[in-house]
Structures are given as C-alpha cells and as structure tokens.
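Assemble the whole structure, with the sequences as input and the hints as a guide.
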Amino acid sequence: MSHDHDDDHHDNHLDPMAARVRALETILTQKGLIDPAAVDAIVETYETRVGPRNGAKVVAKAWSDAGYADWLRRDATAAIASLGFTGRQGEHMQAVFNAPDTHNLVVCTLCSCYPWSVLGLPPVWYKAPPYRSRAVIDPRGVLEEFGLALPAGTKIRVWDSTAELRYLVVPMRPEGSEGLDEDALADLVTRDSMIGTGLAKVPA
Amino acid sequence: MNGPQDLGGQMGFGPVAPETDEPIFHAAWEKRALGVTLAAGAFGAWNIDESRHARESLHPAVYYSSSYYEIWIRALEVLLKRHGFLGDADLAAGEAVDGTATPRRVLRAADVAAMLARGGPCDRPLAAPARFRAGERVRTKNFNPTGHTRLPRYARGKFGTVETVHEGFVFPDSNAHARGENPERLYTVVFDGSEVWGEGADPTLTVSIDAWESYLEPA
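In order, the protein sequence lines correspond to chains A and B. Per my numbering, residue 1 is the first one in the first sequence, and the count goes up by one each step. Per my numbering, residue 1 is the first one in the second sequence, and the count goes up by one each step.
It should be emphasised that the hints constitute simulated quantities derived from the structure, not laboratory data. Be careful, since some hints might not be right.
Each computed SDA-like pair below joins lysine to any residue, with the alpha-carbon atoms no more than 25 Å apart [what the hints assert, rightly or not]: (1) A:Lys57 / A:Gly84; (2) B:Lys81 / A:Gly198; (3) A:Lys201 / A:Gly179; (4) A:Lys155 / A:Pro100; (5) A:Lys127 / B:Leu58; (6) A:Lys127 / B:Glu70; (7) A:Lys155 / B:Gly200; (8) A:Lys127 / B:Gly12; (9) A:Lys155 / B:Tyr68; (10) B:Lys158 / B:Pro129; (11) A:Lys127 / A:Arg53; (12) A:Lys127 / B:Ala61; (13) B:Lys141 / B:Ala113; (14) A:Lys127 / A:Glu145; (15) A:Lys155 / B:Val62; (16) A:Lys57 / B:Glu22; (17) B:Lys81 / A:Ala37; (18) B:Lys81 / B:Ser57; (19) A:Lys127 / A:Arg88; (20) A:Lys127 / B:Val62; (21) A:Lys127 / B:Tyr63; (22) A:Lys155 / B:Asp192; (23) B:Lys158 / A:Ile156; (24) A:Lys57 / A:Arg22; (25) B:Lys81 / B:Glu22; (26) A:Lys127 / B:His59; (27) A:Lys57 / B:Glu19; (28) A:Lys127 / B:Arg52; (29) B:Lys81 / B:Ser51; (30) A:Lys57 / A:Leu180; (31) B:Lys81 / B:Gly3; (32) A:Lys127 / B:Pro18; (33) B:Lys158 / B:Asn142.
Sample of chain B residues facing chain A (criterion: CB under 7 Å; computed from the structure) [what the hints assert, rightly or not]: (34) Arg32; (35) Gly94; (36) Val112; (37) Cys122.
Restraint-style ranges between C-beta atoms, simulated for each label pair [to be verified]: (38) B:Gly94 / A:Arg73: 51 to 57 Å; (39) A:Gly179 / B:Asp192: 39 to 45 Å; (40) A:Glu144 / B:Ala128: 42 to 48 Å.
Ideal placement from N, C-alpha and C gives every residue a C-beta, glycine not left out.
Structural data, given as structure tokens:
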C-alpha cells in the first residue's frame, strides 16, 4: 500500500496531531533524514504481514506437535523463528503455557512492550492506563471486562514485561478440537488468547 | 523515575474498554507516526532505553491525556531536538529551515524488511557467574532514582523468588542516559499477590517482573 493521502486536500481541517505529524515528516524528509517510502514500507509490514495470525500458527503447532511444544517451552525464540517469525520486538521470546489450574496474563505496566513478531502491533487498550494499571492488581476484574470469568480457584500469573523478554501465552487447546489440522486449529487462536485476556475459541 | 509511565496498581483510570474488531490504526496520522518513529530510530542516534525515557519524561498531565502514538511523537520531537536533527525554527515554519546533524544512516525502503527482521537484540555475553540461582529468595531494592529504571514502584522492596536465570542484557538504567550498555544478568522474579498488594490481595495471584541483577539483594 502506498502513502496514505486521504487528508492531503484538507490541510485546513487537519486535527492537531495529524498536522503535527505531517509537519514532522515534511521537515525530516526535506532534510534528507527520512525516506517516505521507508515509512510506507514500515506501515505496510504491520498492516499486512506481521500480526496475530503469526502467533496463532505457533500455538496451533504447539497443540499438534508435542516435540515442538517442548522446544517452544525451552527456547521460544528459536522455535518461533523456525516458522519464520523473527525480528523487532520479538528478539527474546518466552512462551508461557496455560494449564487447567493456571491462567497466564501479560502486561507492560511501564510502557507498551508486546511481542510484535507474533502478535503485530498492540491494541490501544493494551497501551492505555486502565489495563496497565489494573492487570497486576486486579486481573480478575480486568478479565471480566473481556467477558472472561475464571473459576475462583484458578491461579493467575501476571507477567509484567519489564525487560526485553516478550511473552506469548499458549492457551489451552479447546475441547472438541480433536482431529483438526493445524490450519483449522490456528483459526481458534485469538489474539486475546495469546495475551491472556481471552481463551481459544471452541470449534463450532 | 517515578513518572507517569509507572502505572502498576494505580487507580482511577476506569474500565479497560476493549474494542470489537478494532482497526490496526485509528487515523491516517497514526500510521505515519509509527513509520516516522521507527525510521528516526534507525538513525542510530539514540537507543530504545533513551526513547522510553523521553516518553516517560513527558509531563504527567500530557502523558495521561495523550494517545500512545501522540506520546511517541511528542517524545520523538524531544529526541530529534536533543540530537540536533530538529530545531524550534523548523517546527515554527513547518518546514526545514535549520541546519542539521548527519545521522549514522538513513533508512531506505529497500532496507526496511531487513531492519525489522533483524530487530535489536539486547542480550550480551557476561563473564561473571550469576549471583542468584533459580528458587532463591530475593528482595528487590528499594530506591527512587530520578533517571530511567525498569523496576516498577509496586515491586520495590518486595520479597520474591527467582524463577528463571537469564543471560546478560543491556542495563536500561545506564543505557538510557548514554552511560553505556553495562550489561547485567536478568532474572524472572515471582511475587505473591499478598506480598505486593497486602491486605485484600487476590489469593490466587502471582506477579512476575524481569529484574536486572543490581535490582536484587539476597533475602
């Protein structure tokens, strides 16, 4: 996709941030410091190539292949790279597996650390104060806002991404998914289930 | 620093409000904000820790009333000015009028895929053995540095257990301030909810952080 020119003809009506970013890009381009085509290429990467379908493939493979799941547990960076998912904000991956008695939830209370290589760019709520403030102190309350009510006895482990390790939750494989191939399994793996704010979908 | 970014356990921000079928970007300018921020990062003039510190150094009133891409852009302007790539005269004119520093490199479209695929690994080899072992009880340091740190306030002065001993990683508290990478060993440290939050804490809760070695003391 090329540079988005939606608002080029409405400069008098640009909202303040649109005007501010436009000015900054213009100045840096005039100075030869940035190449607008490189900006386009970055945007296109995260709009079309890097997103939660990557992570869903990792989870589906872990569900299907015990050897792969073991590798993912021991060396997530290498196991994920073997499927072609590497790079920025996925340099140091850790996979954390939900279990019948334990639910994992990932947050970055200090900024917006998120495993881009497998989940793409983080959603707005992940970067916003309500989630970042409450996930560590009231995870059950947060999960209920996602429609997820865990049994009272389920242990909750919250992973605050304070360093450069990036966490991918491997949700429990849903009942009724026996016999599905990896592509069909990947369709059950939602982005939120890999953050911990949801569960994998049950097959229809 | 005890800045606006340190949100763990804060109250009053309301419900999370997840969106159904949210778009990747909510405005065209957000796309440019992402791309310009990453392209400017590729100059090699600052590192991710200095970048995070610029964001958390925004005035709390600004930080809390800004969307995340707005925080990025405001901090990017600070970084560009600090490193000589942008002047107030440029911003006032809305076009390039100031002289400028020369970056180490300018990112070209053809190099984007390789740059993103490479990322920026932060692990570093360490000669020294780990000070702590898995299963060991530790206490996090109680401090209030005015500079950058990745030890959140809610996890300071708390008893926890080392779960995993990792390799060495660039030390953000130093790297953010151009004082060198000074890599230290990293540990995943787990705390009981009651240790962190005290009375009324969820009894089923454990919280972990990833802590550099100098954040930890033997318990």
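Going through the hints against the structure:
Between Lys57 (chain A) and Gly84 (chain A) the CA atoms are separated by roughly 11 Å; this keeps the pair inside 25 Å, and the hint holds. With a C-alpha separation of about 42 Å, the suggested pairing of Lys81 (chain B) with Gly198 (chain A) is violated against the 25 Å cut-off. Distance hint between Lys201 (chain A) and Gly179 (chain A) is fulfilled; the C-alpha atoms sit about 15 Å from each other, no more than 25 Å. The hinted pair formed by Lys155 (chain A) and Pro100 (chain A) meets the criterion: a straight-line CA distance of about 9 Å does not exceed 25 Å.
The hinted pair formed by Lys127 (chain A) and Leu58 (chain B) meets the criterion: a straight-line CA distance of about 16 Å does not exceed 25 Å. Between the alpha carbons of Lys127 (chain A) and Glu70 (chain B) the distance comes to roughly 12 Å, so the proposed pair stays at or under 25 Å and holds. The straight-line distance between the Cα atoms of Lys155 (chain A) and Gly200 (chain B) is roughly 16 Å, inside the 25 Å bound, and the hint therefore holds. Between the alpha carbons of Lys127 (chain A) and Gly12 (chain B) the distance comes to roughly 16 Å, so the proposed pair stays at or under 25 Å and holds.
For the hint pairing Lys155 (chain A) with Tyr68 (chain B), the CA-to-CA distance comes to about 31 Å; that exceeds 25 Å, so the pair is violated. Proximity of Lys158 (chain B) to Pro129 (chain B) is assessed by CA-CA distance (about 24 Å); at most 25 Å being required, the pair is judged to hold. Distance hint between Lys127 (chain A) and Arg53 (chain A) is fulfilled; the C-alpha atoms sit about 20 Å from each other, no more than 25 Å. For the proposed pair Lys127 (chain A) and Ala61 (chain B), the alpha carbon gap of about 17 Å is at most 25 Å, so the pair holds.
Note on Lys141 (chain B) and Ala113 (chain B): the hinted pairing is violated, with a Cα-Cα distance of about 41 Å set against a maximum of 25 Å. With a C-alpha separation of about 16 Å, the suggested pair Lys127 (chain A) and Glu145 (chain A) falls inside the 25 Å cut-off, and the hint holds. For a cut-off of 25 Å, the pair hint linking Lys155 (chain A) to Val62 (chain B) is broken: about 37 Å separates their Cα positions. The suggested pairing of Lys57 (chain A) with Glu22 (chain B) holds, with an alpha-carbon distance near 21 Å, which does not exceed 25 Å.
Between Lys81 (chain B) and Ala37 (chain A) the alpha-carbon distance is near 23 Å, which keeps this suggested pair within the 25 Å criterion. Taking the CA atoms of Lys81 (chain B) and Ser57 (chain B), the gap is near 15 Å; set against the 25 Å cutoff, the hint holds. About 17 Å separates the Cα atoms of Lys127 (chain A) and Arg88 (chain A), which keeps this hinted pair within 25 Å; it holds. At most 25 Å may separate the alpha-carbon atoms for a hinted pair to count; Lys127 (chain A) and Val62 (chain B) meet this at roughly 15 Å.
Restraint check: the Cα-Cα separation between Lys127 (chain A) and Tyr63 (chain B) comes to about 12 Å, which is no more than 25 Å; the hinted pair holds. Restraint check: the Cα-Cα separation between Lys155 (chain A) and Asp192 (chain B) comes to about 11 Å, which is no more than 25 Å; the hinted pair holds. A distance of roughly 19 Å separates the Cα atoms of Lys158 (chain B) and Ile156 (chain A); the hinted pair therefore holds under the 25 Å criterion. The hinted pair formed by Lys57 (chain A) and Arg22 (chain A) fails the criterion: a straight-line CA distance of about 37 Å is larger than 25 Å.
Distance hint between Lys81 (chain B) and Glu22 (chain B) is unfulfilled; the C-alpha atoms sit about 34 Å from each other, more than 25 Å. Of the pairs offered as hints, the one joining Lys127 (chain A) and His59 (chain B) holds, with about 18 Å between alpha carbons and a cut-off of 25 Å not exceeded. Among the hinted pairs, Lys57 (chain A) with Glu19 (chain B) is consistent with the structure: their alpha-carbon atoms are about 24 Å apart, no more than 25 Å. Note on Lys127 (chain A) and Arg52 (chain B): the hinted pairing holds, with a Cα-Cα distance of about 13 Å set against a maximum of 25 Å.
Pair hint Lys81 (chain B) plus Ser51 (chain B) holds up; C-alpha atoms about 13 Å apart against a cutoff of 25 Å. Restraint check for Lys57 (chain A) and Leu180 (chain A): satisfied, since their Cα atoms lie roughly 13 Å apart, inside the 25 Å limit. Using a Cα cut-off of 25 Å, the hinted pair Lys81 (chain B) and Gly3 (chain B) holds, with the two alpha carbons roughly 21 Å apart. In summary, the hint linking Lys127 (chain A) to Pro18 (chain B) is supported, as the alpha carbons are separated by about 11 Å, within the 25 Å threshold.
For a cut-off of 25 Å, the pair hint linking Lys158 (chain B) to Asn142 (chain B) stands: about 8 Å separates their Cα positions. At its closest, the beta carbon of Arg32 (chain B) sits 5 Å from a beta carbon of chain A; the interface hint therefore holds under the 7 Å criterion. Interface hint at Gly94 (chain B): satisfied, since its Cβ lies 5 Å from the closest Cβ of chain A, which is below the 7 Å cut-off. Residue-level restraint check for Val112 (chain B) holds (minimum Cβ-Cβ distance to chain A is 4 Å; threshold 7 Å).
Look at Cys122 (chain B): its Cβ gets to within about 4 Å of chain A, closer than 7 Å, so that hint holds up. Hint check: Gly94 (chain B) to Arg73 (chain A), Cβ distance near 53 Å, so the stated range 51 to 57 Å holds. About 41 Å separates the C-beta atoms of Gly179 (chain A) and Asp192 (chain B), a value consistent with the hinted range of 39 to 45 Å. Checking the proposed 42 to 48 Å range against Glu144 (chain A) and Ala128 (chain B) shows it holds: the Cβ atoms sit about 45 Å from each other.
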